[in-house]
Amino acid sequence: MIKTKFNYDYYLRKNTLPHIWCPGCGDGIILKALLRAIHKCGYSKDEVVITSGIGCASRLPGYVDFNTIHTTHGRALTFAIGIKMYKPKLKVITISGDGDALAIGGNHFIHAARRNIDMTLIVFNNYTYGMTGGQYSPTQPLDSFATTTPFGSIEPPFDVCNLAQAAGATWVGRSTSYHAVQLEKFMVDALTHTGFSVLDVITNCHISYGRRNKMKSPVEMIKYQKEKAIPARSAENMSPEELTGRFKTGVLFETKDNPEFCSEYHKKLELLKTK
Amino acid sequence: MSKNIKLMQGNEAVAEGAIIAGCDFFAGYPITPSSEVAEFLSSKLPKIGKVFLQMEDEIAALGAVLGAALGGAKAITATSGPGMSLKQENIGYASMCEIPCVIVNVMRGGPSTGLPTLPSQSDIMQAKWGTHGDHAIIAITPSSVNESLYETIRAFNLAVKYRTPVLLLTDEIIGHMREKVVIPDKSEVEIIDLKLPDVPPEKYNPYNYTSGKVTPLAPMGEGYRYHVTGLIHGETGFPSQKTDVIQNAENWLIDKIYKNIKDIEKFEEFMTGDADILVVAYGSTSRSVRQAISMARAAGIKVGMFRPITIWPFPEEQISNLSKKIKKVLVVEMNMGQIILEVQRAACGSKVYGLHVTNGEPITPDQIFAKIKEVSEN
Ligand code: SF4
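Here the protein sequences line up with chains Z and E, keeping their order. Quick note on UniProt numbering: the first sequence kicks off at 1 and runs consecutively. Quick note on UniProt numbering: the second sequence kicks off at 1 and runs consecutively.
Chain Z on its own, in the form it takes in the complex (with noise of 0.2 angstroms):
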């Protein structure tokens, strides 16, 4: 795996700094997690392809120095798809946001998953669209504040690790901004798996989101993620009332056992040569 010395920069686009993020974003943190884990797995900058959508989040894949394609909203996962069917040898990572992933790109999500293709998908989890000004997103949880709930959300929202356990994701994991080595291991743990990963990370959005409910600094929110997480083998032991409110992290669903999709089909592809 690695045989040199970490360094942010070898992996920056300096030139496209400073980056739009706000400053306290919680994005950075992921960012930086995400070149330590690259740099982990012992990828070469060639090999790996980012997509991403559109939103806050999305931005992230013009500051870091890999083949990075931002696409339009909802559909960095088609894109990865297309790219990932064609050239196998690269190493497919798509970024996206609450919104992009699970709203507009719900679609693509549940048939990547479904498909099980050896790609991997980082969800900046942060409850709201933060780059439209924070309008409620399909994970903004019950009772919270948007522009666009100013009486309170009344959508359940979506459990995006169920979710994509359920639709066929073969890794399936939840970390958050304030848990930054945790969420570097998780990163490589999904990175290296053989099949769709998906990993949601609790990420902070002080300005859209924070502001609205009662958390308006990036400590706060900071705070927020590392009382509210609670590791999946301690969540077992509590009861439905304990766990409101909370959210589990921690590796929560993983196998070997299903069929990979891009392999499958080029296996299909080496038996029609023979035939």
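A portion of the hints provided could be inaccurate.
Beta-carbon label-pair distances, calculated as ranges [said to hold, decoys possible]:
{"#": "1", "chain 1": "E", "residue 1": "198", "chain 2": "Z", "residue 2": "5", "range": "31 to 37 angstroms"}
{"#": "2", "chain 1": "Z", "residue 1": "162", "chain 2": "E", "residue 2": "242", "range": "34 to 40 angstroms"}
{"#": "3", "chain 1": "Z", "residue 1": "273", "chain 2": "E", "residue 2": "247", "range": "16 to 22 angstroms"}
{"#": "4", "chain 1": "E", "residue 1": "242", "chain 2": "Z", "residue 2": "240", "range": "52 to 58 angstroms"}
{"#": "5", "chain 1": "E", "residue 1": "269", "chain 2": "Z", "residue 2": "273", "range": "54 to 60 angstroms"}
{"#": "6", "chain 1": "E", "residue 1": "211", "chain 2": "Z", "residue 2": "148", "range": "43 to 49 angstroms"}
{"#": "7", "chain 1": "E", "residue 1": "316", "chain 2": "Z", "residue 2": "4", "range": "57 to 63 angstroms"}
{"#": "8", "chain 1": "E", "residue 1": "85", "chain 2": "Z", "residue 2": "243", "range": "54 to 60 angstroms"}
{"#": "9", "chain 1": "E", "residue 1": "246", "chain 2": "Z", "residue 2": "231", "range": "47 to 53 angstroms"}
{"#": "10", "chain 1": "Z", "residue 1": "42", "chain 2": "E", "residue 2": "42", "range": "36 to 42 angstroms"}
{"#": "11", "chain 1": "E", "residue 1": "242", "chain 2": "Z", "residue 2": "151", "range": "40 to 46 angstroms"}
{"#": "12", "chain 1": "E", "residue 1": "185", "chain 2": "Z", "residue 2": "274", "range": "25 to 31 angstroms"}
{"#": "13", "chain 1": "Z", "residue 1": "9", "chain 2": "E", "residue 2": "208", "range": "24 to 30 angstroms"}
{"#": "14", "chain 1": "Z", "residue 1": "269", "chain 2": "E", "residue 2": "39", "range": "16 to 22 angstroms"}
Here are some of the chain E residues that sit facing chain Z, going by a computed Cβ distance under 8 angstroms [said to hold, decoys possible]:
{"#": "15", "residue": "20"}
{"#": "16", "residue": "24"}
{"#": "17", "residue": "46"}
{"#": "18", "residue": "229"}
Keep in mind the hints are simulated off the structure, nothing from the lab. Even glycine gets a Cβ: it sits at the ideal position worked out from N, Cα and C.
Based on these hints, arrange chain E with the ligand on the given structure of chain Z.
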């Protein structure tokens, strides 16, 4: 060498043309009347080691095509009206990011679900203006099964050469009918392949707005690392909001097509030499026009036809020149009046008449002949 002649369906001819052009990748979503393109390719592409994917929806299909194209694939998708509407956001992306691909639209009646298995030519303006924002597009309208095969090859060539999405607009008639096709050997047709950049990776810029030359699109994963974004970007590929960069980028998207119109255009003139009336028609409708012209000629009316094969960019100059000597122009199309607007602009010295029928039936030679008579007596 004996010719390889086959009886083929129009949609099959598109699939065959794609394979001859070197197509590496198809992604699509089932829709009538284009599904046979997918069906043919699903049986052919895997056998030659290429990728066929049926995606979860129309948007995903073009997304996958563009992803593969960025990896260096020659990629194609096929759809019909409703699917074309859904593809528009990624067509804009392909234009903006200059990603070569071919999009087949086997036109059917609309709007909305419209007439799934009946023909129309009502997506002509959508082809040009369907996606938001200023851009130029190349669109081709073959009028026979044989031409569908050759024009598919040309569509791939133009896509690569000008780094742009190219639309192939057939219709339900051409797509579903069977005709004789002369299948060429690869060596008999021009095939333009993707070129690698002639500069090393550290010197590579994915775009060039000012040299007038189209920069080769480096396939991703081969050492040329760059950024692709649907945001307005400079020549390095990174987003920019500088006014000169924005204007250069916008100009380039249009200029690279319009300044090369001589290379992109293709049309046919039929009996225009002595004509008093010029009929403008394209696609399947031009076949009825041909018959109506013989009827009119037999009745002593001198009629000719101008048939755009490349419909976008529109062959304005040819229409304008013809209209200098032919003072009556009749546009026949299976829609409520789309290309007639372009003809009126180009043929400003002539009187322009229209025959527009969208009842699910092809326009018949009799209908056209009757209209020609009316125009000649007018
Ligand atoms: S709006 Fe929110 S998510 Fe977007 S950059 Fe600012 S803090 Fe981050």
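Hint check:
no., hint, verdict
1, 198(E) to 5(Z): 31 to 37 angstroms, "holds, 35 angstroms"
2, 162(Z) to 242(E): 34 to 40 angstroms, "violated, 45 angstroms"
3, 273(Z) to 247(E): 16 to 22 angstroms, "violated, 51 angstroms"
4, 242(E) to 240(Z): 52 to 58 angstroms, "holds, 55 angstroms"
5, 269(E) to 273(Z): 54 to 60 angstroms, "violated, 48 angstroms"
6, 211(E) to 148(Z): 43 to 49 angstroms, "holds, 47 angstroms"
7, 316(E) to 4(Z): 57 to 63 angstroms, "holds, 59 angstroms"
8, 85(E) to 243(Z): 54 to 60 angstroms, "violated, 44 angstroms"
9, 246(E) to 231(Z): 47 to 53 angstroms, "holds, 49 angstroms"
10, 42(Z) to 42(E): 36 to 42 angstroms, "holds, 37 angstroms"
11, 242(E) to 151(Z): 40 to 46 angstroms, "holds, 43 angstroms"
12, 185(E) to 274(Z): 25 to 31 angstroms, "holds, 26 angstroms"
13, 9(Z) to 208(E): 24 to 30 angstroms, "holds, 28 angstroms"
14, 269(Z) to 39(E): 16 to 22 angstroms, "holds, 18 angstroms"
15, 20, "violated, 19 angstroms"
16, 24, "holds, 7 angstroms"
17, 46, "holds, 6 angstroms"
18, 229, "holds, 4 angstroms"
When the structure is compared with the earlier hints, violations turn up for hints 2, 3, 5, 8, 15 and for no others.
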